[in-house]
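Since chain A is already given, all that's left is putting chains B, C and D with the ligands on it; use the hints.
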Amino acid sequence: MNSPKVAVLTMEGTNNEEEAFQSWKGAGADAEIIHIKKLESGLRKLEEFDAIFFPGGFSAGDYVRAGAIMASRLRASVMEDIENFVDSGKLIMGSCNGFQVLIELGLIPNIGKNYEREAALATNLSNRFEARTVYLKITNNLCPFLKKFKINQIIRLPIAHFEGRFIPKDEDLLKEILKNNMIGLKYVDPYGKEVDYPWNPNGSIMNIAGLCSKSGNILGLMPHPERVFTKYTHSDWTRGNEEDYGQLFFKGAVEYLNEKF
Amino acid sequence: MSDFFKVIALRNLTLKGLKKISEDLALGLSIQEMARIQSYFRNLGRDPTDVELQALGQAWSEHCGYKSSKIYLKRYIFGLNSEKIYSQGDAGVVLLDENYAVALKMESHNHPSAIEPYGGASTGVGGILRDILSMGAQPVAVTDVLYFGINKYRDYPSPAFIRSGVISGIRDYGNRVGIPTVSGGIYYSDMFSPNVLVNVGCVGIVKKDKIAKQSIDKEGIKLIIAGGKTGRDGIHGVNMASANLDSGSANISTVQLGNPIIKEPLIHAVLQANEAGLIYSLKDLGGGGLSSVVGEMLYSGGKGGVVYLDKVPLKERDMLPWEIWVSESQERMLLGVEEQNVQKVLDIMNDWDITSAVIGESVKGSKLTLYYKGEIVMDLDLDFMTSPPLYQRAYRLKYNEYKFDMPKERESYNDIILKMLSDLNVASKEYAVRQYDHTVRGNTVIPPFTGIIGKEGPTDASVIRINWEDYSAISVSHGSNPFYSKIDPYMGARNAVDEAYRNLVSVNSIPLAFSDCLNSGNPERPERMGEFISMIKGLSDEAKDLGVPFVSGNVSLYNETGVKSIPSIPTILAVGKLKDYRKAITPDFKGTGNPIYLIGRPGIEFGGSLYFRIQRKNGGRVPFSDPKVLYQRSEMVLRAMDAGIILSSHDVSEGGLALAIAEMTIGSDIGAEIDLTGITVGRPDFFMFSESQSMFILEVQKGKEKEFEEYMKGLSIKLGYTGSQMLDVKFNGKTLVYLHIDQIRSKWKEGYI
Amino acid sequence: MRIIITVTLKDNVEDAEGQSVLKALRMLGYNEVSNVRTGKIYYIEMEGNDLSRGYEFCDKLLANPVINICKVEKNE
Amino acid sequence: MRIIITVTLKDNVEDAEGQSVLKALRMLGYNEVSNVRTGKIYYIEMEGNDLSRGYEFCDKLLANPVINICKVEKNE
Ligand SMILES: Nc1ncnc2c1ncn2[C@@H]1O[C@H](COP(=O)(O)OP(=O)(O)O)[C@@H](O)[C@H]1O
Ligand SMILES: [Mg+2]
Numbered sequence: 019m020n021s022p023k024v025a026v027l028t029m030e031g032t033n034n035e036e037e038a039f040q041s042w043k044g045a046g047a048d049a050e051i052i053h054i055k056k057l058e059s060g061l062r063k064l065e066e067f068d069a070i071f072f073p074g075g076f077s078a079g080d081y082v083r084a085g086a087i088m089a090s091r092l093r094a095s096v097m098e099d100i101e102n103f104v105d106s107g108k109l110i111m112g113s114c115n116g117f118q119v120l121i122e123l124g125l126i127p128n129i130g131k132n133y134e135r136e137a138a139l140a141t142n143l144s145n146r147f148e149a150r151t152v153y154l155k156i157t158n159n160l161c162p163f164l165k166k167f168k169i170n171q172i173i174r175l176p177i178a179h180f181e182g183r184f185i186p187k188d189e190d191l192l193k194e195i196l197k198n199n200m201i202g203l204k205y206v207d208p209y210g211k212e213v214d215y216p217w218n219p220n221g222s223i224m225n226i227a228g229l230c231s232k233s234g235n236i237l238g239l240m241p242h243p244e245r246v247f248t249k250y251t252h253s254d255w256t257r258g259n260e261e262d263y264g265q266l267f268f269k270g271a272v273e274y275l276n277e278k279f
Numbered sequence: 095m096s097d098f099f100k101v102i103a104l105r106n107l108t109l110k111g112l113k114k115i116s117e118d119l120a121l122g123l124s125i126q127e128m129a130r131i132q133s134y135f136r137n138l139g140r141d142p143t144d145v146e147l148q149a150l151g152q153a154w155s156e157h158c159g160y161k162s163s164k165i166y167l168k169r170y171i172f173g174l175n176s177e178k179i180y181s182q183g184d185a186g187v188v189l190l191d192e193n194y195a196v197a198l199k200m201e202s203h204n205h206p207s208a209i210e211p212y213g214g215a216s217t218g219v220g221g222i223l224r225d226i227l228s229m230g231a232q233p234v235a236v237t238d239v240l241y242f243g244i245n246k247y248r249d250y251p252s253p254a255f256i257r258s259g260v261i262s263g264i265r266d267y268g269n270r271v272g273i274p275t276v277s278g279g280i281y282y283s284d285m286f287s288p289n290v291l292v293n294v295g296c297v298g299i300v301k302k303d304k305i306a307k308q309s310i311d312k313e314g315i316k317l318i319i320a321g322g323k324t325g326r327d328g329i330h331g332v333n334m335a336s337a338n339l340d341s342g343s344a345n346i347s348t349v350q351l352g353n354p355i356i357k358e359p360l361i362h363a364v365l366q367a368n369e370a371g372l373i374y375s376l377k378d379l380g381g382g383g384l385s386s387v388v389g390e391m392l393y394s395g396g397k398g399g400v401v402y403l404d405k406v407p408l409k410e411r412d413m414l415p416w417e418i419w420v421s422e423s424q425e426r427m428l429l430g431v432e433e434q435n436v437q438k439v440l441d442i443m444n445d446w447d448i449t450s451a452v453i454g455e456s457v458k459g460s461k462l463t464l465y466y467k468g469e470i471v472m473d474l475d476l477d478f479m480t481s482p483p484l485y486q487r488a489y490r491l492k493y494n495e496y497k498f499d500m501p502k503e504r505e506s507y508n509d510i511i512l513k514m515l516s517d518l519n520v521a522s523k524e525y526a527v528r529q530y531d532h533t534v535r536g537n538t539v540i541p542p543f544t545g546i547i548g549k550e551g552p553t554d555a556s557v558i559r560i561n562w563e564d565y566s567a568i569s570v571s572h573g574s575n576p577f578y579s580k581i582d583p584y585m586g587a588r589n590a591v592d593e594a595y596r597n598l599v600s601v602n603s604i605p606l607a608f609s610d611c612l613n614s615g616n617p618e619r620p621e622r623m624g625e626f627i628s629m630i631k632g633l634s635d636e637a638k639d640l641g642v643p644f645v646s647g648n649v650s651l652y653n654e655t656g657v658k659s660i661p662s663i664p665t666i667l668a669v670g671k672l673k674d675y676r677k678a679i680t681p682d683f684k685g686t687g688n689p690i691y692l693i694g695r696p697g698i699e700f701g702g703s704l705y706f707r708i709q710r711k712n713g714g715r716v717p718f719s720d721p722k723v724l725y726q727r728s729e730m731v732l733r734a735m736d737a738g739i740i741l742s743s744h745d746v747s748e749g750g751l752a753l754a755i756a757e758m759t760i761g762s763d764i765g766a767e768i769d770l771t772g773i774t775v776g777r778p779d780f781f782m783f784s785e786s787q788s789m790f791i792l793e794v795q796k797g798k799e800k801e802f803e804e805y806m807k808g809l810s811i812k813l814g815y816t817g818s819q820m821l822d823v824k825f826n827g828k829t830l831v832y833l834h835i836d837q838i839r840s841k842w843k844e845g846y847i
Numbered sequence: 012m013r014i015i016i017t018v019t020l021k022d023n024v025e026d027a028e029g030q031s032v033l034k035a036l037r038m039l040g041y042n043e044v045s046n047v048r049t050g051k052i053y054y055i056e057m058e059g060n061d062l063s064r065g066y067e068f069c070d071k072l073l074a075n076p077v078i079n080i081c082k083v084e085k086n087e
Numbered sequence: 012m013r014i015i016i017t018v019t020l021k022d023n024v025e026d027a028e029g030q031s032v033l034k035a036l037r038m039l040g041y042n043e044v045s046n047v048r049t050g051k052i053y054y055i056e057m058e059g060n061d062l063s064r065g066y067e068f069c070d071k072l073l074a075n076p077v078i079n080i081c082k083v084e085k086n087e
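Protein chains in written order, with the numbering used here: chain A, 19 to 279; chain B, 95 to 847; chain C, 12 to 87; chain D, 12 to 87.
This is chain A alone, in the form it adopts within the complex (with noise of 0.2 Å):
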């Protein structure tokens, strides 16, 4: 059998593609940092691929809005390919500043069905970047990226991030959101509550810190799994705990790619 093809797309200011190659070649895909010019030049198709990966980190330096300048970029150059491969079951992720592009990219939430921006991941309400570490509540496993989790199940993960406010279009948006249990990741405290600022750490809407599309085949969240593929480097392993987080995140993708492709 094949590994599983990715490609973990990359431009100027990206930032985690080094970390998210290494997180998917330890999960057993077979991991490539393609740069979106490959892709707006032709010379490279996301059809080539199994999964799409958006990297965290700072697309185009993040000026404008965070994300905005790289999915304009891929907008304007690949968005039939890319509507292609939702269409086709295939996976995609983003993390951080690639949960960002999905979101201008209109791949999530896209209740309307015609990749719109449907919603807006804005400044954090404390109005600066936050990077620590933050209890997470999975509150749907169904789609293939949280399969290996359990439902209501609390992990921890880091974040990093200075736009990171979900804000859905309308209510309406939000109802959708909600009956077709896409929300996939919550920001809690220690005991699984959902409260607010410190541990919802940029005021989002309803805790709100990951989302999947209605599918299941696409996953946008602000923390970075692919930073703690092994325990040893979450912020408080030396006092014992002994979960691996972030590997579950690509190893429940890359068995599901293995076992329907």
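Which chain D residues stay away from chain B? Per the calculated CB distances, all over 10 Å, these:
hint, residue
1, Ile-15
2, Thr-17
3, Leu-33
4, Leu-39
5, Ser-45
6, Asn-46
7, Lys-51
8, Ile-52
9, Met-57
10, Gly-59
11, Asp-61
12, Leu-62
13, Glu-84
To give a feel for the contact side, a few chain D residues facing chain B, derived at Cβ under 8 Å:
hint, residue
14, Val-24
15, Glu-25
16, Ala-27
17, Ser-31
18, Asn-75
19, Val-77
20, Ile-78
To list a few chain C residues with every Cβ distance to chain A over 12 Å, as calculated:
hint, residue
21, Arg-13
22, Ile-15
23, Gly-40
24, Glu-58
25, Arg-64
26, Lys-82
27, Lys-85
Simulated from the structure, these hints should not be mistaken for lab results.
Glycine is no exception: its CB is placed at the ideal position from the N, C-alpha and C atoms.
Just chains B, C and D with the ligands, lined up with the frame of chain A:
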């Protein structure tokens, strides 16, 4: 004659005339230096061009030429433990194991940050990243040690404004290039108003056979400039950094903000070309711009060169040759590349969307010749250009009278400890550090703060792993104490080294290398020069017996304004190694009922100590450091750590052992019961708050006391046990300290969340 | 032509930066300040004379309609 | 009173954000765009009628005279 360059008739000028030329062209050269230039051109039988004079002005600046410091650096620092240095250039390199080496360097960006804090600090980070990149190394950690004022001084910008600009600048640059900012320090004192100090460091990892070299020792090597375009920004930056800071006289052309979004792909591209073996030599463009980097690259390899200035990609079309030659525009690298590899390198740059161009090549001989639109605009002997006069300036050593004001004894030290915890110099720096991404790259094993999520306390050193395959890692930390240095520059320097070293030991790593960033005042003043020399001597005396080399460093003089000068303060960046990062140790207590040990014995040496500072009293002599003692203790501690019986560890620094233990409770929710009865006979407050050097606090696994004490050969003092939720210190039946951890933590975190 | 594009947050979107500027001004003693909202401004030089280009820039890049309002003006 | 403060970079200070936006617009096919500069805008509501307050805000908080230009206007 062309209108893009001038010939300056200088051969017949008087000294006064020479002085005027230096001023008119903003060369920053003294009369004697101008006279030296004059006689050189008299010998050549011609007058210099403006390009030539500007080139000399750059090369001979204090910043580039180390005119005032070189003699002392040579005497005391260079050559010290140098057999352990693997390679030296823009940064220093030591070996880590059979395959990998680590590059490190710390540098100041004081003057630019005083004028424009945001741009000054961010271009500081940009510059230090380039130094590491110049070694062919992947930057893996950025660090910053900052010294801010508290009160506004005259009409200089307010310290609050400076602070927020500096921290934002480091945040925005470091985060955007995607290198974690993982270690540093922040000091507050009016010593730094208005002379703020911004010292930034960077550490990189390189395969030992891929270390880039910085010289060209062959003819026909093409010179490629890559990265940002060249503009008028930053012209004469080095001259500014080589002069006192005058109020309001900010020269706008030297202010730059930096562009991390050019740097980020530039790092990828340069490393890719280096990995592919396409780079013959590599250097970054910093102070002095092309002039300084081309000159040094060729001179160090014994070759001459030609450069076509009109081939340099420009931001502004109408730049003059001299401006192109000395511009300090950011984000630029110079690559020496063999002819057959030129196209490959240009292609890689293009793949990453980076501007690059071939601008010249190395030639036989020792001359550097510049062309612009077909005309020769500079033709200088590299030997002359790159060897500025060195000065042995007059100096006067400082002899202190040490004053000691006896503080009164108290019934309880609760208030003192809470006050210490919220002192700006001790309190949590999370307000700054949590704006820095310290987990990017996914290799941060020990971050700046650890412990229970949401309750984290400070760590002594950060640990970064090398790769995903094995368990080796490096540790990164700093040492500095401006309060000691102010009283005693010699011992202050020694203690800075002690602190850096023990921070590394504290996480269970073996110290490998130091980089020193030396900050001082105006060297033309004998007292300042005396302090400066004492500082260098202190660094040398301390590091020698520790067996650790200074692999790189930087000197920043003229941190002086009117009547105010900073003391001579060294910032030490230290890097160590861990064979197995799974054995790394953090300060937060791990369990209850475990014995707590002190390694070392507190003495009565309170000069510059926090205990005396918060009571506004003179503390006499500053603590004394003996490197042999530090070395011996460290060896023993490391052996016990390797045996797996140490659960947590913290070095003793500001506030003494009481504060060290308080800090160990912060991230843990576990308190400590300490009884000093029988341990000390003198004043218990002196015991608790002494900042004697080379001390550690260790939490040892219960039941392993005997084994531990054997490792320590009788040099450990058992202070008590972990337990409860209180910090509880007793002495002769009296309770000296009784504080709940929540009180301790909230004081320490005051101002954050 | 030189156009000026101003991108602000919709009224119902909380402006974190505005709030922190407000707080800072109050700390400086300016108690008379009651509200601060922020925005970004882009000065764009271009050939042609078609202001509608500005709205295209907003749509494609400079604004997210979920949270932003975009104003396009000509600047002589 | 409602005042509008616009903070921009001086002409001789490089604008990294403007450069990135310019590049992005060009990549989107807008080759007619030749330059982009950026700035920040603050809408401040306050009591009183003294425009000079705005310059104080610039001075104390919103701008750095070494790199920025500050424009203060009244907005009815
Ligand atoms: N300016 C800074 N930049 C990055 N890290 C910093 C900075 N200041 C402090 N830190 C990190 O925060 C932690 C706590 O720092 P500090 O409170 O100064 O500790 P200590 O007093 O033990 O030296 C350390 O890991 C230190 O490296
Ligand atoms: Mg320490």
